[in-house]
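S.K.: The lines below spell out each chain.
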Amino acid sequence: MHLSRDTMRHVHGWLLLTPAAVLLVSFTHYPTIATVINSFFSKGNSVRPSRFIGIDNYQAMTQDPIFWKVLVNNMWFAVGTIPTSIALAIIMALLVNRAMPGRSFVRMAYFTPTILPMIAVANIWLFFYSPDIGLIDQITSWFGISGHNWLGDPDTVLSAIIVMTVWKEAGFFMIFYLAALQHIPPELGEAAKLEGASRWYYFRRVLFPLLMPTSLFVLINAVLNSFKLVDHLFVLTKGGPDNASNLLLYYIFENAFSYFDTNYAATLTVVLLGLLAIMALAQFFVLDRRIHYR
Amino acid sequence: MFKLITKTMAGIVAAVCLSIMAASLSTAAYAKTKLTMYYPVAVGGPLTKIVDGMVADFMKQNPDIEVNAIYAGNYNDARIKALAALNSGQPAQLSVMFSIDLYELIEQDAIVAFDDVVKTDEEKDWLKSFYPTLMQNGTTGGKTWGIPFQRSTIVMYYNKDAFKAAGLDPEKAPASWDELVAAGKKLTKSDGSQWGMMIPSTGYPYWMFGALSMQNDQVLMNSAGNQTNFAEPATIEALQFWKDLGSKHKVMPDGTIEWGTLRKNFLEGKTAIMWHSTGNLTTVKKKAAFDFGVAMLPANKRRGTPTGGGNFYIFKKTTPEERSASMKLIKFMTSPAQSANWSMQTGYMGISQAAYDTSELQEYVKGFPYAAVARDQLEFATAELSTYETGRVRKSLDDAIQAALTGSKTPEEALKEAQATADRLLKPYR
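Chains D and X, in that order, give the protein sequences.
Using numbering that gives the first Met the number 0, the first residue of the first sequence is number 0, and each one after it goes up by one.
Using numbering that gives the first Met the number 0, the first residue of the second sequence is number 0, and each one after it goes up by one.
It should be emphasised that the hints constitute simulated quantities derived from the structure, not laboratory data.
Just so it is clear, CB atoms sit at the ideal spot from N, CA and C, and this is done for glycine as well.
Take these hints with a grain of salt, some might be off.
Said to hold, decoys possible - Only some residues are given here: those of chain X computed to face chain D with a beta carbon under 10 Å:
(1) N75
(2) D76
(3) A83
(4) A84
(5) G88
(6) E103
(7) P131
(8) T132
(9) D190
(10) T255
(11) I256
(12) R391
(13) D397
(14) Q401
(15) K415
What the hints assert, rightly or not - Here are the simulated DMTMM-like pairs of lysine to aspartate or glutamate, each with C-alpha atoms no more than 20 Å apart in a straight line:
(16) X/K249 - D/D136
(17) X/K263 - D/D131
(18) X/K184 - D/D131
(19) D/K42 - X/D108
(20) D/K42 - X/E416
(21) X/K426 - D/D55
(22) D/K68 - X/D76
(23) X/K408 - D/D154
(24) X/K426 - D/D63
(25) X/K263 - D/D136
(26) D/K68 - X/E231
(27) X/K408 - X/E231
Sequences are here, hints too, so could you generate the full structure?
M.R.: Below is the structure:
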């Protein structure tokens with residue numbers, strides 16, 4: 000049998016794709032589909048096997064007050080972490096992009112939180128936040144302010160976690176901005192200076208638009224992280240007090256591994272996947288059109 | 000994409016290497032019975048070394064059995080890892096897990112009752128050799144499913160130096176709720192540098208609450224594990240008292256108190272009294288820079304504490320040889336000599352009278368009487384909260400406690416909601 004050249008090229012192509020395709024299917028596509036299927040079944044045990052129950056899990060979810068609470072918490076967590084960490088990242092990148100004494104030391108200092116594992120960071124901050132003996136309360140006590148139970152108060156716990164997350168993430172995003180800034184030709188700055196543009200005007204009209212592709216990338220990462228990062232909850236609060244710091248992914252974990260209700264966990268996962276998909280699509284299709292790529 | 004491919008290639012190579020290594024290992028040790036045991040550590044301290052040491056001693060005595068003891072994090076992690084290993088077909092024959100995981104493990108058909116494993120009369124007697132209170136969380140439906148190992152109760156640690164400074168008798172710990180509040184008021188300094196007391200309310204709030212409600216003469220659940228008593232008047236009163244310690248009597252910080260940093264608070268003198276697991280005893284003894292005391296928890300209507308800690312379970316998917324090897328290991332680990340040694344090294348309690356009758360532990364208790372407080376308190380102890388759907392039921396109570404302590408709900412509201420949740424969850428089991 001003689002295969003045409005065209006067919007051979009197709010076979011060749013598919014063979015090259017196979018390893019990646021196999022991995023994608025087995026670790027991404029199959030689990031996703033299995034999750035969706037699982038969400039239509041009831042929790043099973045040795046006595047009552049799991050059975051198909053349609054959208055009952057979804058109905059139960061809409062009536063689950065903790066689900067709504069973690070969703071709202073997650074929204075505030077996203078609102079609290081994303082803009083602040085991006086703004087901080089830009090400021091830090093601008094600071095260390097100039098010639099200054101000890102530049103590499105400052106860059107390293109900004110980047111250090113990023114290389115620490117989240118669990119280690121949480122353990123450090125657990126002691127920062129502990130009432131009276133913690134670093135924060137020791138500093139405030141110099142000014143005569145008495146200790147506050149940062150993680151034990153439902154009004155402050157989420158903010159406390161947001162601050163820690165921003166501290167952890169900003170350095171990581173800074174690296175991307177720093178790389179982007181180094182690719183911007185210095186002539187633009189010189190030209191702006193000749194025209195008498197203020198530094199703020201130069202940033203707003205020249206630098207910031209040129210950084211937009213990076214911003215999109217960072218934004219997508221930040222949004223994903225605001226739903227993905229829950230490691231610190233295991234150490235800091237376990238979602239407490241009374242779910243005040245519980246986030247969607249941690250709630251999924253609780254359902255799957257503390258309550259062994261993998262089916263309800265699958266239901267929640269479908270919601271998480273849906274949310275992430277919508278946000279990713281919105282970013283790609285809406286924001287991407289407005290961004291100028293050189 | 001290229002990165003992805005190189006990464007996955009590296010992963011595949013690593014996986015192949017590992018499986019070859021595993022295969023060669025298993026052929027080398029074919030004559031031995033191999034046991035894999037998961038165990039948790041819930042309190043700080045070098046407990047993993049002690050367990051590993053005990054296991055090594057066991058293997059020296061029993062060269063035909065090879066034990067792979069795997070430290071698996073806290074109680075939650077240990078259960079997750081052991082069950083995940085079982086579901087994925089990896090061998091695990093026995094495990095130390097939370098005593099209150101009993102119903103969940105039975106429901107998942109994961110464990111086998113010891114009544115079905117013991118053969119000789121001597122072994123049947125062995126089942127009865129432990130303190131009966133410690134067996135409460137390991138038995139249901141007339142069968143024994145868990146053998147006590149790292150067991151604890153809650154005790155009251157107090158700072159004798161702080162007691163002296165506040166004009167209190169350091170040899171006389173508060174024995175009732177009223178005395179506790181009175182002492183707390185004397186111990187609390189107005190500038191916030193020292194609190195009267197702390198009861199942790201993260202991590203295991205329901206456990207501490209089990210003590211308070213028992214002291215108010217109310218157990219939290221029935222022994223069939225399908226009924227909770229969260230909304231009983233005595234339960235609500237107990238939670239009100241807990242909340243009042245912070246908000247009314249001002250002897251404890253308001254809000255929730257972190258389980259993980261409490262011991263440090265106590266050791267640094269930020270609180271004069273803490274309620275904590277006996278599992279902390281040896282660490283506190285080693286690290287306290289002040290004179291400290293240990294006492295039973297105070298009484299309201301009666302004294303009371305839940306027991307706590309981990310039991311040995313044998314998994315169902317095991318061969319007869321593995322089961323008898325597991326029995327050997329469990330009998331060794333819970334023998335009076337080992338239990339006495341374990342108790343001295345950690346502060347966890349000896350699990351049988353025979354352990355306290357060993358000369359080593361008797362000597363130790365003579366020199367350090369606090370080592371026996373947990374045992375003396377057993378007389379007043381009850382089982383730890385454990386039901387079917389235990390994770391969710393426990394969480395509903397945890398949330399209620401935290402909601403009440405932080406003031407977002409009244410104790411009555413919070414506990415009634417928790418009871419309604421528990422009723423809904425447990426209905427199918429009645």
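S.K.: A separate judgement is required for each hint: does it hold in the structure or not?
M.R.: Results for each hint:
1. A distance limit of 10 Å between C-beta atoms decides the matter here; for X/N75 the minimum to chain D is near 6 Å, and the interface restraint holds.
2. Interface restraint check: X/D76 against chain D, minimum CB-CB distance 9 Å, threshold 10 Å, status holds.
3. Using the Cβ-Cβ criterion of 10 Å, the hint placing X/A83 at the interface with chain D is satisfied: the shortest such distance is roughly 9 Å.
4. Here the hint on X/A84 is broken, as its CB sits about 13 Å from the closest CB of chain D, past 10 Å.
5. The interface hint given for X/G88 is violated, since its Cβ lies 17 Å from the closest Cβ of chain D, which is over the 10 Å cut-off.
6. The interface hint given for X/E103 holds, since its Cβ lies 7 Å from the closest Cβ of chain D, which is under the 10 Å cut-off.
7. Using the Cβ-Cβ criterion of 10 Å, the hint placing X/P131 at the interface with chain D is not satisfied: the shortest such distance is roughly 29 Å.
8. Proximity of X/T132 to chain D is violated relative to the hint, the smallest CB-CB distance being about 26 Å (cut-off 10 Å).
9. At a threshold of 10 Å, the smallest CB-CB gap from X/D190 to chain D is about 8 Å, leaving the interface hint in force.
10. Below 10 Å, beta-carbon pairs count as interface contacts, and X/T255 has one with chain D at about 4 Å; its hint therefore holds.
11. Given hint, X/I256 at the interface with chain D, holds; its Cβ is 6 Å from that chain's nearest Cβ, closer than 10 Å.
12. Interface hint status for X/R391: upheld, as the beta-carbon distance to the closest one in chain D is roughly 5 Å, under 10 Å.
13. A cut of 10 Å between beta carbons decides the hint on X/D397: the least distance to chain D is about 7 Å, and the hint holds.
14. Taking 10 Å as the C-beta cut-off, the interface hint given for X/Q401 holds, the closest approach to chain D being about 4 Å.
15. For X/K415, the shortest C-beta to C-beta distance to chain D is roughly 14 Å, which exceeds 10 Å, and the interface hint is violated.
16. A threshold of 20 Å between alpha carbons decides the hint, and for X/K249 with D/D136 the separation of about 19 Å falls inside it, so the pair holds.
17. A hinted pair counts as satisfied when its Cα atoms are at most 20 Å apart, and X/K263 with D/D131 qualifies at roughly 11 Å.
18. Taking the CA atoms of X/K184 and D/D131, the gap is about 18 Å. The hint holds against a cut of 20 Å.
19. Only pairs whose Cα atoms come within 20 Å are accepted, and D/K42 paired with X/D108 is accepted, the gap being roughly 15 Å.
20. A threshold of 20 Å between alpha carbons decides the hint, and for D/K42 with X/E416 the separation of about 23 Å lies outside it, so the pair is violated.
21. Note on X/K426 and D/D55: the hinted pairing holds, with a Cα-Cα distance of about 18 Å set against a maximum of 20 Å.
22. About 25 Å separates the Cα atoms of D/K68 and X/D76, which puts this hinted pair outside 20 Å; it is violated.
23. At roughly 14 Å between alpha-carbon atoms, X/K408 and D/D154 fall within 20 Å of each other, so this suggested pair holds.
24. Proximity of X/K426 to D/D63 is assessed by CA-CA distance (about 18 Å); at most 20 Å being required, the pair is judged to hold.
25. About 15 Å separates the Cα atoms of X/K263 and D/D136, which keeps this hinted pair within 20 Å; it holds.
26. Note on D/K68 and X/E231: the hinted pairing is violated, with a Cα-Cα distance of about 27 Å set against a maximum of 20 Å.
27. For the hint pairing X/K408 with X/E231, the CA-to-CA distance comes to about 17 Å; that is within 20 Å, so the pair holds.
Comparing the model with each numbered hint stated earlier shows that hints 4, 5, 7, 8, 15, 20, 22, 26 do not hold.
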